[in-house]
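A.B. asks: Keeping the supplied structure of chain A fixed, place chain B upon it in accordance with the hints.
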Amino acid sequence: MDFTFDDEQKALRDAVRDLAGRHTPASSGGDVPVGPGKHDAAAWSAIADMGLLGLAFGEDVGGAGASAVELSLAATELGRGRLVTAYADAMVAAELINRAGTAEQKAAFLPDLLDGSSLIVPALAEPGRAWSLAAYDVTAEGEGDSVVLTGTKEPVPYADVATHLVVTARAGDRTGVYLVADPQVSGARVHFDATPAIQLGSLDDAPAAIEAAVNLGILAVVSEALGAMDAALPMTVEYLKTRKQFGVPLAAFQTLTQRAADMYVSLELARSTVLFTAMALADDPLDSAAASRAKVQVGQSGRHIGQEAIQLHGGIGMTAEYAVGHYTARLTAIEHTFGDTRWHLARLSASLRDYEQVEVLRPA
Amino acid sequence: MHLHLTAEDAAFQQQMREFFTTQVPQDLRQRWAAGGEPSADDMRQAQRILNEAGLAVPHWPVEWGGKEWSQLQRHIYLQEMQDASVPPPLAFNANMVGPVIAAFGSQELKERFLPPTANLDIWWCQGFSEPNAGSDLASLRTSAVLEGDEWVVNGQKTWTTLGQHADWIFALVRTEPDAPKKQMGISFLLIDMKSPGVTVRPIQLIDGGHEVNEVFFENVRVPADQLVGERGQGWTYAKFLLGNERVGVAPVGSIKRRLADAKSYAAATRDGNGSLLDQPLVAARIAELESQVAALELTVLRVAGNSKEGKPDPVSSILKLRGSQLQQDVLELIADIAGPASLEWKRGDDSETEAWAALATPTYLNFRKASIYGGSNEVQRSVIASAILGLKG
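Protein chains in written order, with UniProt numbering: chain A, 1 to 364; chain B, 1 to 393.
Bound-form chain A, shown alone (with noise of 0.2 Å):
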């Protein structure tokens, strides 16, 4: 087992470390950003012309042939930028269409994906109702050609600007997964009536998919936290050693230090089993356990540095145009989004017979 990054996969993360530096939407000064991410159609074409959305993808399809770790990496570097952007969104949307597409279906739409040509996003969360990877009341109707979608989506991130949607929806008593074209939307809302679908390959097929879409999606917001927390801890670092209080710096106080010790055995569990999970899922997309490992232990880091980078800034963390707190929204969002802790913790208990003990070391 070996977590070292070789010379390639260095030279990938210092030019998506560029790109993400040359995009940060500012954070001193003028109009910041706060709340849910925006499309920044710039970044986005940066994103795609520099062939990030193809790395996990077969040449085949359009991809670059890379795997899971240079998503992976490639996702840290965004976080780390503070780029709000749909990458998991679409990394999704790719893979479901991968997993469940014919081949004629993913010729048609997967180049296109990979290429920024179109942007198409997952629409998975129904309103009212707890994260699932099956769909409940968005109901399809029909078979081939002719499939209806009937129901509404919401949130569905950047739905506004998407030019298409790969919906999960209920057909009888399973979910599918189907493609929508130039999608009704309000805000972050999706609603369907009878509107016509393409149905993404066969009901018995489509589980699978969304797990393993999933999962890559699980892997690019993970990366991106990872990102986020390993600039939220040295900006706080930075701030304890500057900022001076009654006389002296902060960073005299040892209440203070020895928080910002705790951020980093939080920082550095979170890095072991973001690059673990990479590993894991590059060899076994299917590998839930690992992401769902991931997701708990990034769920638990991300709250915890992202809260106390905010409390040991003070008031200054609390401001929209101070970078700390953009981190720790940014953070919260991943926390929720593809199942939060809880639902991952759920996921993980349903199979503890399965096993004796966790194995992360395996034999070839």
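Rather than coming from a laboratory, the hints here were simulated on the basis of the structure. Beta carbons: idealized from backbone N, C-alpha and C, even for Gly. There may be inaccurate statements among the hints.
[Unchecked claim] Stretch by stretch, here's where chain A covers chain B in the computed footprint (C-beta under 8 Å, at least three residues):
{"id": "1", "stretch": "250-263"}
{"id": "2", "stretch": "295-301"}
[Unchecked claim] With a Cα cut of at most 27 Å, we get these calculated DSS-like pairs of lysine-lysine:
{"id": "3", "chain 1": "B", "residue 1": "Lys392", "chain 2": "B", "residue 2": "Lys182"}
{"id": "4", "chain 1": "B", "residue 1": "Lys194", "chain 2": "B", "residue 2": "Lys67"}
{"id": "5", "chain 1": "B", "residue 1": "Lys194", "chain 2": "B", "residue 2": "Lys110"}
{"id": "6", "chain 1": "B", "residue 1": "Lys239", "chain 2": "B", "residue 2": "Lys182"}
{"id": "7", "chain 1": "B", "residue 1": "Lys392", "chain 2": "A", "residue 2": "Lys244"}
{"id": "8", "chain 1": "A", "residue 1": "Lys241", "chain 2": "B", "residue 2": "Lys392"}
[Unchecked claim] Take a look, some chain A residues computed to stay more than 12 Å from chain B by CB distance:
{"id": "9", "residue": "Phe5"}
{"id": "10", "residue": "Lys38"}
{"id": "11", "residue": "Asp40"}
{"id": "12", "residue": "Glu59"}
{"id": "13", "residue": "Gly65"}
{"id": "14", "residue": "Ser117"}
{"id": "15", "residue": "Thr152"}
{"id": "16", "residue": "His191"}
{"id": "17", "residue": "Ala329"}
C.D. replies: Showing chain B alone in chain A's frame:
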């Protein structure tokens, strides 16, 4: 980045697993797994079996029985040993005094002490802490004054773990009382516990057990050649000793073993028509701990890859801090699973309470020590804050 073990490391893992589960008697391993006060005879027997196979002191210099293993192999060795409930080589011998003598002792001291130390023919105990010098080790006051070719030692050590079984003690003593800083003027001395003037007095702990002792020195005469390395350099050697464990500092294998046990205890404890493992709050707590332990193990493996041989690595503070927390969390879980059965402590002959359940509370109480010894968690946080984050208080 690679996920999988190489064929060589996988073979090594199999080899270790087979050795520990077939060469160390099962009844001995069962006694160790049950917990409670460790049996000195079992510890001796286990270490001698390991030593005979060349597995007692793998991180010593090759000349003295070490193996040139990678940090990953060292992790695998510990993991498999702990998973099989094999008593580990006595830490005072294998991890503490042995490496110090091997690194700083004279050839004569090495030849005299290293083989019996590896074989547990000498049982060592550690004479560092004093009543007023715990985490603030440098303020120790036990003195050694040179008279002819003997040191005359006076003072008191405390928290001397398993000192009641010990043949020898390695002690930090103040040989230069006028040194300008309190870290200076300390020497590292090897003392026979049978020397006239050495008294051992047990300290009873909150679990009812006798694990630690006070050791008193009253005009104890120690041959001058039993001073390790240079006079006045004891502080340097102590820092070497405390810092040279990285991989072993978080007992991941035994935490995982206990957590797997906790799962089977929960499955065997009836609750309504099911078991405690069906209880969502218990199941979620186990799932959470499994995730946290996996994160720790991955961190051990990641840090092991960046090893700086022989130097204290501040990153090992993460492992000590988090390892002790998780060890305590798992034992707390087991006490909670035992529930009413944990009230018993000592079972009567016809008791229907399982041994693990009766021992759950004393074991939980005993391991409150884990976040205090070897540098308390507060000390570990200070090391991280200053050495890694650059926050000088």
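A.B. asks: Each of the hints needs a verdict: does it hold here or not?
C.D. replies: Quick rundown of the hints versus the structure:
Interface restraint, the stretch 250-263 of chain B with chain A: holds (5 residues with C-beta to C-beta distance below 8 Å; minimum three). Coverage of the stretch 295-301 of chain B by chain A holds. Counting CB-CB distances below 8 Å, 6 residues qualify, and the rule asks for three or more. Restraint check for Lys392 (chain B) and Lys182 (chain B): the C-alpha separation of about 20 Å stays at or below 27 Å, so the hint holds. A C-alpha spacing of about 33 Å is found between Lys194 (chain B) and Lys67 (chain B), which places the hinted pair above 27 Å, so the restraint is violated.
Distance hint between Lys194 (chain B) and Lys110 (chain B) is fulfilled; the C-alpha atoms sit about 21 Å from each other, no more than 27 Å. With a CA separation close to 14 Å, the supplied pair Lys239 (chain B) and Lys182 (chain B) stays within the 27 Å bound. A threshold of 27 Å between alpha carbons decides the hint, and for Lys392 (chain B) with Lys244 (chain A) the separation of about 14 Å falls inside it, so the pair holds. Under the criterion of a C-alpha separation no larger than 27 Å, the hint pairing Lys241 (chain A) with Lys392 (chain B) is consistent with the structure, at around 8 Å.
At the 12 Å boundary, the C-beta of Phe5 (chain A) falls inside the reach of chain B, the nearest C-beta of that chain being 7 Å off. Against chain B, the non-interface label of Lys38 (chain A) holds: every CB pair exceeds 12 Å, the least being about 33 Å. For Asp40 (chain A), the non-interface assignment is confirmed: its Cβ lies about 30 Å from the closest Cβ of chain B, beyond the 12 Å cut-off. For Glu59 (chain A), the condition that its CB be more than 12 Å from all CB atoms of chain B holds, with the nearest at approximately 21 Å.
Once the 12 Å rule is applied to beta carbons, Gly65 (chain A) is consistent with being away from chain B; the minimum gap is 16 Å. No beta-carbon of chain B comes within 12 Å of the beta-carbon of Ser117 (chain A); the shortest separation is about 31 Å. For Thr152 (chain A), the shortest C-beta to C-beta distance to chain B comes to about 30 Å, beyond the 12 Å cut-off, and the non-interface label holds. Every Cβ of chain B is farther than 12 Å from the Cβ of His191 (chain A); the closest lies at roughly 35 Å, confirming the non-interface assignment.
Residue placement check: Ala329 (chain A) keeps its beta carbon more than 12 Å from all beta carbons of chain B (closest about 24 Å).
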